[in-house]
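Top to bottom, those sequences are chains A and B.
Once you know that position 10 of the first sequence is 1400 in the working numbering, the rest is easy, because the numbers rise by one and skip nothing.
Once you know that position 12 of the second sequence is 1402 in the working numbering, the rest is easy, because the numbers rise by one and skip nothing.
Just to be clear, a hint being listed does not mean it is correct.
To list a few chain A residues with every Cβ distance to chain B over 12 Å, as calculated [said to hold, decoys possible]:
#	residue
1	E1413
2	P1429
3	N1430
4	G1482
5	L1508
6	S1532
7	I1575
8	P1604
9	E1618
10	R1629
11	L1652
12	R1655
13	R1656
14	G1670
15	H1673
What follows is a list of derived Cβ distance ranges for each label pair [to be verified]:
#	chain 1	residue 1	chain 2	residue 2	range
16	A	G1489	B	Y1409	37 to 43 Å
17	B	P1626	A	G1489	25 to 31 Å
18	A	I1525	B	T1588	50 to 56 Å
19	A	T1511	B	E1781	54 to 60 Å
20	B	Y1592	A	D1595	56 to 62 Å
21	A	I1525	B	P1626	44 to 50 Å
22	A	P1584	B	M1420	58 to 64 Å
23	B	Y1409	A	Y1592	36 to 42 Å
24	A	T1511	B	Y1592	39 to 45 Å
To give a feel for the contact side, a few chain A residues facing chain B, derived at Cβ under 7 Å [what the hints assert, rightly or not]:
#	residue
25	M1391
26	G1449
27	A1453
28	V1455
29	T1467
30	N1470
31	G1471
32	Q1481
33	G1485
34	T1639
35	Q1643
36	G1750
37	V1754
Hints were generated in silico from the structure; no laboratory data involved.
These numbers come from a predicted model, not from an experiment.
We put the beta carbon where it would ideally sit given N, CA and C, even for glycine.
There are 2 protein chains.
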Amino acid sequence: MREVYAIGVGITSFTRLEYPLSEIAAYSGMMAMKEAGFPNIAHLYVANMGGCALNHQAGLASAVVDSMSLTPAGATTIENGPASGASAILQGFLGIASGMYETAMVIGAERMREVDNLESTEFVASLTHPLAEYIYGVTLPSLAGMFTRLYMEKYGVTSRHLAMVAVKNHANAMDNFFAHLHEPITVAGILDSPEAMTNNPYVADPLRFYDCCPVSDGSACVILASAEVAKKMNKPLIRLAGVGQATDTHAVQEREEPTDLLAVRRAAAQAMQMAGIKPGDVHVAELHDAFTILEIVESEEVGFFKKGEGHLALERGETSLTGKIPINTSGGLKAKGHPVGATGVGQAHEIVLQLRGEAGKRQVKNARVGFTCNFGGFGNNVVCLTFIREE
Amino acid sequence: MREVYAIGVGITSFTRLEYPLSEIAAYSGMMAMKEAGFPNIAHLYVANMGGCALNHQAGLASAVVDSMSLTPAGATTIENGPASGASAILQGFLGIASGMYETAMVIGAERMREVDNLESTEFVASLTHPLAEYIYGVTLPSLAGMFTRLYMEKYGVTSRHLAMVAVKNHANAMDNFFAHLHEPITVAGILDSPEAMTNNPYVADPLRFYDCCPVSDGSACVILASAEVAKKMNKPLIRLAGVGQATDTHAVQEREEPTDLLAVRRAAAQAMQMAGIKPGDVHVAELHDAFTILEIVESEEVGFFKKGEGHLALERGETSLTGKIPINTSGGLKAKGHPVGATGVGQAHEIVLQLRGEAGKRQVKNARVGFTCNFGGFGNNVVCLTFIREE
Chain A
1391 MREVYAIGVG
1401 ITSFTRLEYP
1411 LSEIAAYSGM
1421 MAMKEAGFPN
1431 IAHLYVANMG
1441 GCALNHQAGL
1451 ASAVVDSMSL
1461 TPAGATTIEN
1471 GPASGASAIL
1481 QGFLGIASGM
1491 YETAMVIGAE
1501 RMREVDNLES
1511 TEFVASLTHP
1521 LAEYIYGVTL
1531 PSLAGMFTRL
1541 YMEKYGVTSR
1551 HLAMVAVKNH
1561 ANAMDNFFAH
1571 LHEPITVAGI
1581 LDSPEAMTNN
1591 PYVADPLRFY
1601 DCCPVSDGSA
1611 CVILASAEVA
1621 KKMNKPLIRL
1631 AGVGQATDTH
1641 AVQEREEPTD
1651 LLAVRRAAAQ
1661 AMQMAGIKPG
1671 DVHVAELHDA
1681 FTILEIVESE
1691 EVGFFKKGEG
1701 HLALERGETS
1711 LTGKIPINTS
1721 GGLKAKGHPV
1731 GATGVGQAHE
1741 IVLQLRGEAG
1751 KRQVKNARVG
1761 FTCNFGGFGN
1771 NVVCLTFIRE
1781 E
Chain B
1391 MREVYAIGVG
1401 ITSFTRLEYP
1411 LSEIAAYSGM
1421 MAMKEAGFPN
1431 IAHLYVANMG
1441 GCALNHQAGL
1451 ASAVVDSMSL
1461 TPAGATTIEN
1471 GPASGASAIL
1481 QGFLGIASGM
1491 YETAMVIGAE
1501 RMREVDNLES
1511 TEFVASLTHP
1521 LAEYIYGVTL
1531 PSLAGMFTRL
1541 YMEKYGVTSR
1551 HLAMVAVKNH
1561 ANAMDNFFAH
1571 LHEPITVAGI
1581 LDSPEAMTNN
1591 PYVADPLRFY
1601 DCCPVSDGSA
1611 CVILASAEVA
1621 KKMNKPLIRL
1631 AGVGQATDTH
1641 AVQEREEPTD
1651 LLAVRRAAAQ
1661 AMQMAGIKPG
1671 DVHVAELHDA
1681 FTILEIVESE
1691 EVGFFKKGEG
1701 HLALERGETS
1711 LTGKIPINTS
1721 GGLKAKGHPV
1731 GATGVGQAHE
1741 IVLQLRGEAG
1751 KRQVKNARVG
1761 FTCNFGGFGN
1771 NVVCLTFIRE
1781 E
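The following block holds chain A by itself, in its conformation from the complex (with noise of 0.2 Å):
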């Protein structure tokens, strides 16, 4: 296979947008091609999931590929539901790996704050087993709340926990212009004051309301490249070293232990494998923190921690953006936002940017490798991706 390499990265701020989808995508698209110097792009990859069911527009990367006048360019949109960034651009790296194509832009977006014909968590529950599960009530906040009892219980996670990966993350969105969240929390503002039974409610009990991802609008964009494209830019050369993708059962009660999540723990396997690398390497991670709970979930089975043990080392700080493993610096899905579609392509953009010693005040000092892990249903469907920059 050819080594593929991200040459360009562009991104909308994650928040309430208020213009056509394909718009909202060809926006991150031009700002990853102003920095990559307009390159001939051989194809376009857009991840989306709810173009047709909420905004009347199927088919988007059809639409965007002539809203960039890319055509006559081929166009794939990829909708593997809040995992379709990090899907479409493995698709994206075969096309250049197999020797296809020298480029390959991949963009993701969404637009799901505000919509005409259906509510945004009905909306996502559509990610969930039609006879097995929603047919019963089960929503995505549903399903991780029960998930986070199950932990709480097994393993001595409490809600303060849960609070520290908001704190954690908000804190890191502060510094990050694109996020949807600029505000700064604290555990006993949002635990322990007079008014937090209001101001942070639960949604789904233990999971309150600070505990939960913002629906958000936006798009983020990663231009991919072959070797030699790559080497003629006068730029840092980051690698797309490893792509890893698992899947477990669609129904979360059928899982032997549904504490586990098996998905994950086996394309981040795939994907530090694939690279070269072991979990101890990687000095920067987005993780899809939807819930936060996710987060500590995540950082046990991609290996930075033992099982069972991620929330001790988020005590210990060790996650935070000066610890041993920062995660999330880009504010993560809590804070940074989740337009669900343009979620895993947002985490790569964050990468790149850290690898390039390009993140600003949030940046993590000597960043080399990095790492991504995008969550799609509840676990069922999971992508992770290595980076690496090349001396």
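On the provided structure of chain A, position chain B as indicated by the hints.
For chain B alone, kept in the frame of chain A given last:
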């Protein structure tokens, strides 16, 4: 790039199917697994357009991979409107060509006949440009109607030519057990009989009822594999020898010459060039006849006939089962049916049967080179495939 082979195919009837979408998809997958001897599957691609909008099932591949007990294999849903099927085959091709996967299962599936929340013409209109077309009342049949009128005026195509496409494809479908329509028709019956205005009413002048494909549920599957896997099987070797994809303006009105389908022309040229063949080398083809006019125009744009002369070749019987280049031996979208996400895979299914010599009464003699054209939107995203039987 490594060579890629089709080692197994499966299909459901294209008809009204009252099963969950994921189970409709899994059925054709199982048929393909059975005839391929249940190979290990490295990655599952599922092509689908309306899962989230129509069936409350986003991330369909994540559901199907579990229904088929293929976890923890990676799974990816491709949504390129009616071109989803061949788009997914193209991505599967890249997965194997790159060396990443030894096998890839590609399923196309749609359930769109009886749905709660969205009428089918309205659903399909989500492929049009939301600002330049849809808000002015454009639907796919209306675009096709305007396109047909222009083509008639420019090239002398008549309503009788359109009817001839329908008659031919209905006749072919009589010998296809899995076809939606088993209804022999005649030009006299649908155009000249006293009942014609009742039985064959105008849908979008000049297109009438029998010029339009039915709305179908269904799925189809093709399993792709590397040469190493394929050559161990005791079966004719069918190589996916060429893939091509091209896009055109999203809004049809923006095309310099609206009667040209440039994306078809380009995608076909790529798919033939990669396979090292010319249009005259093709023995059997499946073209995307969602409307009768499209079969005529595509037969020109892919290079079988000169521009503006497709209807004359049709008149001479050159596209019939015993003609020079038999088109839509399966019955085509017109009579086999058009479950949008499944269609491109259904086309590949027919070509694999033909090249194996397993097409029964509709077998084209000595077919060794087959070709498919899968058409998205109104020609804004087109994927063509060339299959060659190796001796």
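Do the hints match the structure? See the list:
1. With a cut of 12 Å on Cβ distances, E1413/A falls inside the contact zone with chain B, its closest approach being about 9 Å.
2. Against the 12 Å criterion, P1429/A stays outside the reach of chain B, whose nearest CB is about 18 Å from its own CB.
3. Listed as outside the interface, N1430/A is consistent with that label: its C-beta sits roughly 14 Å from the nearest C-beta of chain B, beyond the 12 Å cut-off.
4. Once the 12 Å rule is applied to beta carbons, G1482/A is inconsistent with being away from chain B; the minimum gap is 10 Å.
5. In this structure L1508/A is not separated from chain B by more than 12 Å, as the shortest Cβ-Cβ distance comes to only about 9 Å.
6. Against chain B, the non-interface label of S1532/A holds: every CB pair exceeds 12 Å, the least being about 16 Å.
7. Non-interface status of I1575/A relative to chain B is upheld: no Cβ of that chain comes within 12 Å, the nearest being about 31 Å off.
8. Its beta-carbon lying about 19 Å from the closest one in chain B, P1604/A satisfies the requirement of being farther than 12 Å from that chain.
9. Even its closest Cβ contact with chain B, about 16 Å, leaves E1618/A beyond 12 Å, as expected for a residue assigned away from the interface.
10. Under the 12 Å C-beta cut-off, the non-interface status given to R1629/A relative to chain B holds; the minimum distance is some 16 Å.
11. With a closest Cβ-Cβ approach of about 7 Å to chain B, L1652/A is found to fall inside the 12 Å limit, against its non-interface label.
12. With a minimum CB-CB distance of about 9 Å to chain B, R1655/A fails to clear the 12 Å threshold, and the non-interface call is violated.
13. At roughly 5 Å from the closest C-beta of chain B, the C-beta of R1656/A falls inside 12 Å, breaking its exclusion from the interface.
14. No Cβ of chain B comes within 12 Å of the Cβ of G1670/A; the nearest lies about 24 Å off, and the non-interface call holds.
15. No beta-carbon of chain B comes within 12 Å of the beta-carbon of H1673/A; the shortest separation is about 26 Å.
16. Checking the proposed 37 to 43 Å range against G1489/A and Y1409/B shows it holds: the Cβ atoms sit about 40 Å from each other.
17. Judged by the Cβ atoms, the range 25 to 31 Å given for P1626/B and G1489/A holds: they are separated by roughly 27 Å.
18. Look at I1525/A against T1588/B: about 42 Å separates their beta carbons, and that is not inside 50 to 56 Å.
19. Judged by the Cβ atoms, the range 54 to 60 Å given for T1511/A and E1781/B holds: they are separated by roughly 58 Å.
20. Evaluation of the 56 to 62 Å hint for Y1592/B and D1595/A yields a pass: the beta carbon distance comes to about 59 Å.
21. Distance hint for I1525/A and P1626/B: a CB-CB separation of about 45 Å, consistent with the stated range 44 to 50 Å.
22. A C-beta distance of roughly 59 Å is found between P1584/A and M1420/B, which places it inside the suggested range of 58 to 64 Å.
23. A beta carbon spacing of about 38 Å between Y1409/B and Y1592/A agrees with the range 36 to 42 Å that was offered as a hint.
24. In this structure the hint that T1511/A and Y1592/B lie 39 to 45 Å apart at CB holds, the actual value being about 44 Å.
25. At its closest, the beta carbon of M1391/A sits 5 Å from a beta carbon of chain B; the interface hint therefore holds under the 7 Å criterion.
26. Taken as an interface hint, G1449/A checks out: its beta carbon lies about 4 Å from the nearest beta carbon of chain B, inside 7 Å.
27. The beta carbon of A1453/A is positioned within 7 Å of a beta carbon in chain B (closest approach about 5 Å), and the interface hint is therefore held.
28. The beta carbon of V1455/A is positioned within 7 Å of a beta carbon in chain B (closest approach about 5 Å), and the interface hint is therefore held.
29. Proximity of T1467/A to chain B holds as hinted, the smallest CB-CB distance being about 5 Å (cut-off 7 Å).
30. Among the interface hints, the one on N1470/A holds; its C-beta lies about 5 Å from the nearest C-beta in chain B, closer than the 7 Å criterion.
31. Checking G1471/A against chain B by beta carbon gives a least distance of about 4 Å; that is within 7 Å, so the hint holds.
32. The closest approach between the C-beta of Q1481/A and any C-beta of chain B is roughly 6 Å, which is under the 7 Å cut-off, so the hint is satisfied.
33. Proximity of G1485/A to chain B holds as hinted, the smallest CB-CB distance being about 5 Å (cut-off 7 Å).
34. Because the smallest distance between the Cβ of T1639/A and any Cβ of chain B comes to about 5 Å, under 7 Å, the interface hint for this residue holds.
35. Residue-level restraint check for Q1643/A is violated (minimum Cβ-Cβ distance to chain B is 12 Å; threshold 7 Å).
36. Given hint, G1750/A at the interface with chain B, is violated; its Cβ is 34 Å from that chain's nearest Cβ, farther than 7 Å.
37. For V1754/A, the shortest C-beta to C-beta distance to chain B is roughly 29 Å, which exceeds 7 Å, and the interface hint is violated.
Checked against the numbered hints given earlier, this structure breaks hints 1, 4, 5, 11, 12, 13, 18, 35, 36 and 37; the rest are met.
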